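A.B. asks: For reference, the chains in residue letters:
2 protein chains.
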Amino acid sequence: MFEQTDRTEIAKLGEFGLIDHLTKHIHIKNESSIKGVGDDAAVLDFKGKKALISTDMLLEGIHFDLAFTPLKHLGYKAIMVNLSDIYAMNGMATQVTVSLGFSSKFSLEAIEELYAGMLLACEKFNVDIIGGDTTSSRQGLVISITSIGYADESDIVYRNGAEEGDLICVSGDLGGAYVGLQLLEREKQVFLTNPNIQPDLEGKDYIVERQLKPEARIDIVDLLKKLKIKPTSMIDISDGLASEILHITRQSKKGCKIYEEKLPIDPMTAETALSFGLDPTVCALSGGEDYELLFTIKQADYDQMKHDVDISIIGYITEESAGNQLITKAGNVHDIKAQGWNAFTSTQS
Amino acid sequence: MFEQTDRTEIAKLGEFGLIDHLTKHIHIKNESSIKGVGDDAAVLDFKGKKALISTDMLLEGIHFDLAFTPLKHLGYKAIMVNLSDIYAMNGMATQVTVSLGFSSKFSLEAIEELYAGMLLACEKFNVDIIGGDTTSSRQGLVISITSIGYADESDIVYRNGAEEGDLICVSGDLGGAYVGLQLLEREKQVFLTNPNIQPDLEGKDYIVERQLKPEARIDIVDLLKKLKIKPTSMIDISDGLASEILHITRQSKKGCKIYEEKLPIDPMTAETALSFGLDPTVCALSGGEDYELLFTIKQADYDQMKHDVDISIIGYITEESAGNQLITKAGNVHDIKAQGWNAFTSTQS
Chain B
1 MFEQTDRTEI
11 AKLGEFGLID
21 HLTKHIHIKN
31 ESSIKGVGDD
41 AAVLDFKGKK
51 ALISTDMLLE
61 GIHFDLAFTP
71 LKHLGYKAIM
81 VNLSDIYAMN
91 GMATQVTVSL
101 GFSSKFSLEA
111 IEELYAGMLL
121 ACEKFNVDII
131 GGDTTSSRQG
141 LVISITSIGY
151 ADESDIVYRN
161 GAEEGDLICV
171 SGDLGGAYVG
181 LQLLEREKQV
191 FLTNPNIQPD
201 LEGKDYIVER
211 QLKPEARIDI
221 VDLLKKLKIK
231 PTSMIDISDG
241 LASEILHITR
251 QSKKGCKIYE
261 EKLPIDPMTA
271 ETALSFGLDP
281 TVCALSGGED
291 YELLFTIKQA
301 DYDQMKHDVD
311 ISIIGYITEE
321 SAGNQLITKA
331 GNVHDIKAQG
341 WNAFTSTQS
Chain S
1 MFEQTDRTEI
11 AKLGEFGLID
21 HLTKHIHIKN
31 ESSIKGVGDD
41 AAVLDFKGKK
51 ALISTDMLLE
61 GIHFDLAFTP
71 LKHLGYKAIM
81 VNLSDIYAMN
91 GMATQVTVSL
101 GFSSKFSLEA
111 IEELYAGMLL
121 ACEKFNVDII
131 GGDTTSSRQG
141 LVISITSIGY
151 ADESDIVYRN
161 GAEEGDLICV
171 SGDLGGAYVG
181 LQLLEREKQV
191 FLTNPNIQPD
201 LEGKDYIVER
211 QLKPEARIDI
221 VDLLKKLKIK
231 PTSMIDISDG
241 LASEILHITR
251 QSKKGCKIYE
261 EKLPIDPMTA
271 ETALSFGLDP
281 TVCALSGGED
291 YELLFTIKQA
301 DYDQMKHDVD
311 ISIIGYITEE
321 SAGNQLITKA
331 GNVHDIKAQG
341 WNAFTSTQS
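Protein chains in written order, with UniProt numbering: chain B, 1 to 349; chain S, 1 to 349.
For the record, the hints were derived by calculation from the structure and aren't laboratory data.
Since we're looking at a predicted model, the values are computed, not measured.
There could be a bad hint or two in this list.
If chains are identical, the list can't say which one is meant, so a pair holds when it fits in one copy or spans any two.
To be verified - Capping the alpha-carbon separation at 30 Å, the derived lysine-lysine pairs in BS3-like fashion look like this:
no.	residue 1	residue 2
1	K228	K47
2	K188	K105
3	K72	K230
4	K213	K226
5	K24	K124
6	K29	K49
7	K188	K230
8	K228	K105
9	K257	K105
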């Protein structure tokens, strides 16, 4: 669906030429970035704060489909996915390293697009690209990003701190990224059948953007700081709510009760899910890739939180023996199971 | 050449099961590793020291050939390559994150072998695996590692500090890894032609190990500390001496003179290179993958260094306008050009 007009071969520049070309527009923004790209290692200084490190790998054909993913969006999303992990620790993200592998089917212009999306995300979230690696690949596009940030020790929120009675909160709304993906996949099939038919995504911008251009929730981390609320546990939603709440309850040695009617689902997500014959609740629980924050707070913090329209309280933490339960709108009780997207069972090649 | 007998499918475990399985034997060794695997991000504390971060990506078919690379060696080498970058900053390596992508042709046992090599390297070099990512791949094996370390600010050695008159030093010997690779490639061709012929690597252990199982030179960093010598510049040799010395002189805005007769080349490397019709000097200059340290020292430090048999002084730094020159054994002068292994021109797929 996307065409490239100009085309410069990467081999013309070589690895060092390419790195120089891509990194020449980087301006270091963070005081903690002492030395960025250009030496054997970057040098950082967190001045007594704790350093936070997270890493994610994105592979073509597994995590993204270039048939409907513009490279600039992909670059943006690749950074977001990684920053999200730092925010999920209640920390500030300050640096990333970016490693790229790509075959010669990618022109310099294509890689520039990808990198432009990364730079845009870094610019917006005040993050420095401080290093990386580029190599050719016999396969498809390979993206590996490590994100780095910091926090005061007393601010860090782990997955294992949830206590009985804590309220379970989630930012934004759920399921949109998954339903957006269904839409893009359908239009891809239509396009493959007849390349003259233009994709019909009209009025679906919101859920398409949820899939292609998620935004990591730094604003929630800022809000929590402003409200002086320190969550007792936190995780970002990459694999789906069900999978993530189970990480929290398993590591906290607790159980949970979640109410279906409380799950935040955007009307367009619900409507589009139904048009695909999908249950919106299942999309919210197991769709994944929403990159919202899931966290637990003490009941004492409820009054502070209840007026924020962008945070939903969806249930509470129970004792471990009570298990992990979903209470449906009809009042039925189901065990919550992780049916999140599993990169190992979804592909058999 | 390598056969797997037992075979467990990864899909049986799923991503989280696999991560649990691989990481259950990790015991955190460094005081700076506050929280390792198991949350959104790892938490580190460098207590006022500077943090060092480096990253490398290794792709099947580009950086390694599984036809002659045992997975355990590959895991070991993948860690070494990354630690080497931290040592090249004159720092101590303390943590790594490990991201792996692999297709379903890899069994659990195969991934365990790879991971065992990584754990062995980390054990030996006192490094903690603190995080990572695992995913399926449609392609081959993908390995992305980020290494983390620390140093006092006053100890960090960059590439840009070489001064006119400084002596150029290199640890160990050069070219062995490249010649070892030629040997392995030849035996692979023999094997492909007739699988009944056993590989003939007898007596070639040293150069085969240089290729398959390099050792990062932490001992040189320790030695420099003991001798109270702080190099004026340093880099590790991954792409070949020629390419690396040009990084130093370009970033230091200087030139250099290197003497062919001073290049440290192991007799087995020289002899085997000649049997392939290769010039040992070219192998030393452009072969790459030796993971030795190349550094410059002040002339005043010469007396301290001259007795170390594992460090060769191969030339000196000149003013920039004098260029980068190799003085051959016959007394001829050649410009040094980076003809190191280039991942973008070596593959056209």
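A.B. asks: Give a verdict on every hint.
C.D. replies: Status of each hint after checking the structure:
{"no.": "1", "hint": "K228 with K47", "result": "both (23 Å within a copy, 26 Å between copies)"}
{"no.": "2", "hint": "K188 with K105", "result": "both (20 Å within a copy, 28 Å between copies)"}
{"no.": "3", "hint": "K72 with K230", "result": "neither (35 Å within a copy, 44 Å between copies)"}
{"no.": "4", "hint": "K213 with K226", "result": "within (27 Å within a copy, 52 Å between copies)"}
{"no.": "5", "hint": "K24 with K124", "result": "within (18 Å within a copy, 38 Å between copies)"}
{"no.": "6", "hint": "K29 with K49", "result": "both (18 Å within a copy, 20 Å between copies)"}
{"no.": "7", "hint": "K188 with K230", "result": "neither (43 Å within a copy, 59 Å between copies)"}
{"no.": "8", "hint": "K228 with K105", "result": "neither (51 Å within a copy, 50 Å between copies)"}
{"no.": "9", "hint": "K257 with K105", "result": "neither (50 Å within a copy, 40 Å between copies)"}
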